[in-house]
Amino acid sequence: MTLKKMNQKGFVVNTIVLACLFFLLALLSNTGAGKGNFFRLVLTPSLWQCGYLIILATSLNMVLGFMGQLSLCHCAFMAIGAYTAALMSLAFQRAGVFKSPKGAVFILIMFLSILCGGLLAAAFGFIVGIPALRLKGDYLAIITLGFGMIIVNVINNLPFCGQNGLAEGSAGSSLYKNGLGFGMKTKVTYLWVAILLTILAVVMMFKYVRSKFGRAIQAIRDDEIAAAASGINTAHYKVLTFAYSAFFAGIAGGLYACANGSISTSSFAFTNGGILNSTFVVVMVVLGGMGSLTGSIVAAVLMFFVNYEIKNGAWVAMLPSGIQGIFKYPMLVYAFVLIVVILFRPKGIFGDYEFSLVHVREDLAKHRALKAQEKAEMKGV
Amino acid sequence: MTEKERNETPVLETRGLGISFGGLQAVSDFDIKIYKGELIGLIGPNGAGKTTVFNMLTGVYKPTEGTVYLDGNALNGKKPYEFVSAGVARTFQNIRLFKDMSVIDNVKAACTKDITYNLFDATFQTKKYWEAEQAVEDRAHELLKIVNLDDKASWKASNLPYGAQRKLEIARALGTNMKILLLDEPAAGMNPTETDELLSCINTIREKFGIAILLIEHDMSLVMKVCERIKVIDYGQTIAYGLPEEIANDKRVIAAYLGT
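Respectively, the protein sequence lines represent chains A and B. So the first sequence is numbered by numbering that gives the first Met the number 0: it starts at 0 and just counts up by one. So the second sequence is numbered by numbering that gives the first Met the number 0: it starts at 0 and just counts up by one.
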């Protein structure tokens with residue numbers, strides 16, 4: 000049986016499932032628009048945020064999990080994407096190409112803006128990738144940390160986008176009604192864009208790691224000297240992967256610009272106390288399992304919900320009053336979650352296992368057989 | 000010297016190869032000619048500079064003197080992956096597998112340089128992608144069969160037993176489609192059965208691919224059995240070069256190994 004035939008079943012199943020998921024959520028966004036506050040106020044913003052967090056975490060996983068290079072500037076790439084997309088749509092709006100966020104022209108411009116955000120981020124990813132050729136481990140982390148700070152600070156001080164630009168005056172005044180930066184209603188209308196882009200981005204990253212590129216970067220992660228001695232041009236693949244990963248971080252930034260009324264550089268800064276800073280993205284990747292894209296998806300959603308529930312107090316209110324106090328300090332909760340996961344699953348929730356609908360039954364059977372074998376050996380001893 | 004002269008260009012030739020680290024001359028005047036299909040042994044006491052020679056032949060170290068020629072083309076100043084593209088493959092003294100990858104992916108990773116599809120093909124999984132992936136898959140299975148690891152193709156490389164890991168390194172080196180294979184102590188740490196398996200494995204490779212092999216080894220019985228000619232170095236200097244019987248009786252070699 001050829002490789003293509005073997006993969007065909009998975010391809011068909013995945014396509015059907017993803018298409019169903021997409022249409023289900025898209026349908027939801029059309030029918031649910033008028034009904035109830037839960038859909039408008041809770042579900043839609045959650046899906047938007049999950050969307051960009053998933054893209055961000057999976058894109059970092061390519062660099063950290065598959066290539067083994069610690070990058071601490073992914074939020075800066077995201078900031079580049081967000082600002083580029085926001086400024087572009089703003090420019091189109093001011094030029095009078097569209098008046099309100101409706102119609103085919105707007106959709107086209109929205110996609111164009113997000114794509115350009117991704118491309119510019121990729122260009123910066125290329126630049127950051129170059130020092131990555133010489134440095135590794137802690138040193139690379141420090142360099143990327145510096146790059147991240149530089150990028151965010153430069154954006155902050157640019158006259159047209161920083162403090163005096165997009166976020167001028169009271170929050171949200173500039174982006175609402177002007178291009179991206181959707182209000183509640185528009186967010187519901189264009190929910191399908193977020194879902195579509197998330198699915199496309201994750202699929203594209205999957206294809207990347209399942210090709211010669213993926214094998215090359217995994218070889219670099221495991222042993223760079225041996226990779227070079229096996230004919231892999233390590234410099235080429237490292238820079239390419241940095242750029243490819245930054246591209247998707249930029250796309251995530253574009254979605255962020257759509258989902259938020261105003262953007263300010265402090266939300267991408269390394270010192271940001273919320274969930275959106277480069278260390279937290281690293282935490283998501285480690286939590287989900289380095290080298291498992293599906294793990295990153297799960298971890299991104301999990302982290303989002305921990306963050307969301309803490310902020311909104313939904314299940315916290317049900318806990319004994321003595322414990323509730325802890326949740327005033329969300330960082331403690333994150334730390335606790337992380338410690339528990341690392342204690343019981345040192346390689347992250349998924350390890351390097353990729354969840355697959357087609358193979359889940361075989362994988363479970365294999366796992367059970369392995370456990371049974373271990374048990375039998377323990378008895379034998 | 001009993002070197003038979005051949006008319007063809009050697010696969011690998013070095014002229015006056017030498018390297019010094021700071022003031023220390025690690026290797027000097029290393030000359031060797033290896034023709035197609037030959038198996039040459041490189042031996043010497045610990046610290047003689049054997050692995051340094053390997054590192055110069057694969058571009059890891061840049062020689063301070065002399066030149067490496069492959070098929071008559073100088074390889075000066077090239078990077079390690081360019082040496083591999085030219086046709087030099089190696090294994091390592093201390094095993095360096097891609098340990099978190101599957102056995103077959105280890106071999107496939109070494110085929111990367113021969114795969115021509117681009118990012119577009121990979122993203123949209125075009126016909127070109129599938130053809131190339133199928134070819135690589137078949138090739139990897141074929142190479143794993145040579146080293147008897149085909150049944151463990153989906154194992155994680157780090158889970159293989161020691162001897163199998165060494166053989167996987169050889170299979171990975173074969174994946175690069177080389178003209179000359181440099182084996183750095185392939186039998187180190189192996190028991191006699193494993194060494195015998197390795198020996199038959201090396202013979203199969205020679206029959207099948209007709210490539211040249213340069214072998215560093217401490218297991219003298221293996222060296223004497225397989226090598227057509229042996230080069231002995233000590234303190235970075237060549238002290239003898241000839242047929243196995245000649246080397247075994249060479250006074251300078253015995254002195255180098257046993258002391259005078």
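The set of hints was computed from the structure by calculation and includes no laboratory data. Note that the structure is a prediction, hence the values are computed from the model and not measured. We put the CB at the ideal spot given by N, CA and C, even for glycine. Mixed in with the good hints, there may be bad ones.
To be verified - Straight-line distance between alpha carbons at most 20 Å, and here's what the computed PhoX-like set of lysine-lysine pairs gives:
| no. | chain 1 | residue 1 | chain 2 | residue 2 |
| --- | --- | --- | --- | --- |
| 1 | B | K126 | A | K8 |
| 2 | B | K178 | A | K4 |
| 3 | A | K206 | B | K207 |
| 4 | B | K35 | B | K61 |
| 5 | B | K112 | B | K178 |
| 6 | B | K178 | B | K98 |
| 7 | B | K126 | A | K206 |
| 8 | A | K370 | B | K155 |
| 9 | B | K155 | A | K135 |
| 10 | B | K78 | B | K127 |
| 11 | A | K346 | B | K126 |
| 12 | B | K207 | A | K3 |
| 13 | B | K77 | A | K3 |
| 14 | B | K61 | A | K346 |
| 15 | B | K77 | A | K4 |
| 16 | B | K35 | B | K155 |
| 17 | B | K77 | A | K365 |
| 18 | A | K365 | B | K178 |
| 19 | A | K135 | B | K126 |
| 20 | B | K178 | B | K155 |
| 21 | B | K178 | B | K77 |
| 22 | A | K135 | A | K4 |
| 23 | B | K112 | A | K206 |
Unchecked claim - If you want the ones that stay clear, here's a sample from chain A, every Cβ over 12 Å from chain B, calculated:
| no. | residue |
| --- | --- |
| 24 | L20 |
| 25 | G67 |
| 26 | K206 |
| 27 | Q217 |
| 28 | D221 |
| 29 | T233 |
| 30 | A234 |
| 31 | L275 |
| 32 | L363 |
As the list claims (entries may be wrong) - DEER-style ranges, computed between Cβ atoms:
| no. | chain 1 | residue 1 | chain 2 | residue 2 | range |
| --- | --- | --- | --- | --- | --- |
| 33 | A | I149 | B | T8 | 34 to 44 Å |
| 34 | A | N13 | B | Y161 | 55 to 65 Å |
| 35 | A | I129 | B | H140 | 36 to 46 Å |
| 36 | B | P191 | A | I129 | 47 to 57 Å |
| 37 | A | V11 | B | D150 | 52 to 62 Å |
Status of each hint after checking the structure:
1. For the proposed pair K126/B and K8/A, the alpha carbon gap of about 17 Å is at most 20 Å, so the pair holds.
2. Between the alpha carbons of K178/B and K4/A the distance comes to roughly 34 Å, so the proposed pair goes past 20 Å and is violated.
3. Under the criterion of a C-alpha separation no larger than 20 Å, the hint pairing K206/A with K207/B is inconsistent with the structure, at around 35 Å.
4. Distance hint between K35/B and K61/B is unfulfilled; the C-alpha atoms sit about 25 Å from each other, more than 20 Å.
5. Our distance criterion of 20 Å between C-alpha atoms is met by K112/B and K178/B, whose separation comes to about 15 Å.
6. For the given pair, K178/B sits about 26 Å from K98/B by alpha-carbon distance, which is inconsistent with the 20 Å threshold.
7. Pair hint K126/B plus K206/A holds up; C-alpha atoms about 14 Å apart against a cutoff of 20 Å.
8. For the hint linking K370/A to K155/B, the alpha-carbon distance of about 17 Å falls within 20 Å, and the restraint holds.
9. Taken as a hint, the K155/B and K135/A pair is broken in the structure, with Cα atoms around 25 Å apart against an allowance of 20 Å.
10. For a cut-off of 20 Å, the pair hint linking K78/B to K127/B is broken: about 29 Å separates their Cα positions.
11. About 36 Å separates the Cα atoms of K346/A and K126/B, which puts this hinted pair outside 20 Å; it is violated.
12. A threshold of 20 Å between alpha carbons decides the hint, and for K207/B with K3/A the separation of about 29 Å lies outside it, so the pair is violated.
13. For the hint pairing K77/B with K3/A, the CA-to-CA distance comes to about 37 Å; that exceeds 20 Å, so the pair is violated.
14. Of the supplied pair hints, the one linking K61/B and K346/A is violated, its CA atoms being roughly 39 Å apart against a limit of 20 Å.
15. The suggested pairing of K77/B with K4/A is violated, with an alpha-carbon distance near 41 Å, which exceeds 20 Å.
16. Under the criterion of a C-alpha separation no larger than 20 Å, the hint pairing K35/B with K155/B is inconsistent with the structure, at around 34 Å.
17. Proximity of K77/B to K365/A is assessed by CA-CA distance (about 46 Å); at most 20 Å being required, the pair is judged violated.
18. With a C-alpha separation of about 41 Å, the suggested pair K365/A and K178/B falls outside the 20 Å cut-off, and the hint is violated.
19. Between the alpha carbons of K135/A and K126/B the distance comes to roughly 37 Å, so the proposed pair goes past 20 Å and is violated.
20. Among the hinted pairs, K178/B with K155/B is inconsistent with the structure: their alpha-carbon atoms are about 28 Å apart, more than 20 Å.
21. Our distance criterion of 20 Å between C-alpha atoms is met by K178/B and K77/B, whose separation comes to about 17 Å.
22. This hinted pair does not check out: K135/A and K4/A have alpha carbons roughly 40 Å apart, beyond 20 Å.
23. Simply put, K112/B and K206/A have alpha-carbon atoms about 19 Å apart, close enough for the 20 Å limit, and the pair holds.
24. For L20/A, the condition that its CB be more than 12 Å from all CB atoms of chain B holds, with the nearest at approximately 21 Å.
25. Not every CB of chain B lies more than 12 Å from the CB of G67/A, the least distance being 9 Å, so the non-interface label is violated.
26. For K206/A, the non-interface assignment is contradicted: its Cβ lies about 5 Å from the closest Cβ of chain B, within the 12 Å cut-off.
27. The beta carbon of Q217/A sits about 5 Å from the closest Cβ of chain B, which is not more than 12 Å, so the claim that it is off the interface is violated.
28. Listed as outside the interface, D221/A is inconsistent with that label: its C-beta sits roughly 4 Å from the nearest C-beta of chain B, within the 12 Å cut-off.
29. A beta-carbon of chain B comes within 12 Å of the beta-carbon of T233/A; the shortest separation is about 7 Å.
30. Residue-level check failed: A234/A sits 8 Å from the nearest beta carbon of chain B, not beyond 12 Å.
31. Every C-beta of chain B lies more than 12 Å from that of L275/A, the closest at about 28 Å, which supports listing it as non-interface.
32. Residue placement check: L363/A keeps its beta carbon more than 12 Å from all beta carbons of chain B (closest about 17 Å).
33. For the pair I149/A and T8/B, the supplied restraint of 34 to 44 Å is violated, since their beta-carbon distance comes to about 53 Å.
34. As the Cβ distance of N13/A to Y161/B is approximately 39 Å, the hint placing it in 55 to 65 Å is violated.
35. The hinted window of 36 to 46 Å between I129/A and H140/B holds, with their beta carbons roughly 38 Å apart.
36. With their beta carbons about 50 Å apart, P191/B and I129/A fall inside the hinted range of 47 to 57 Å.
37. A hinted range of 52 to 62 Å for the beta carbons of V11/A and D150/B is inconsistent with their spacing of about 30 Å.
The structure is inconsistent with the numbered hints 2, 3, 4, 6, 9, 10, 11, 12, 13, 14, 15, 16, 17, 18, 19, 20, 22, 25, 26, 27, 28, 29, 30, 33, 34 and 37, although it conforms to all the rest.
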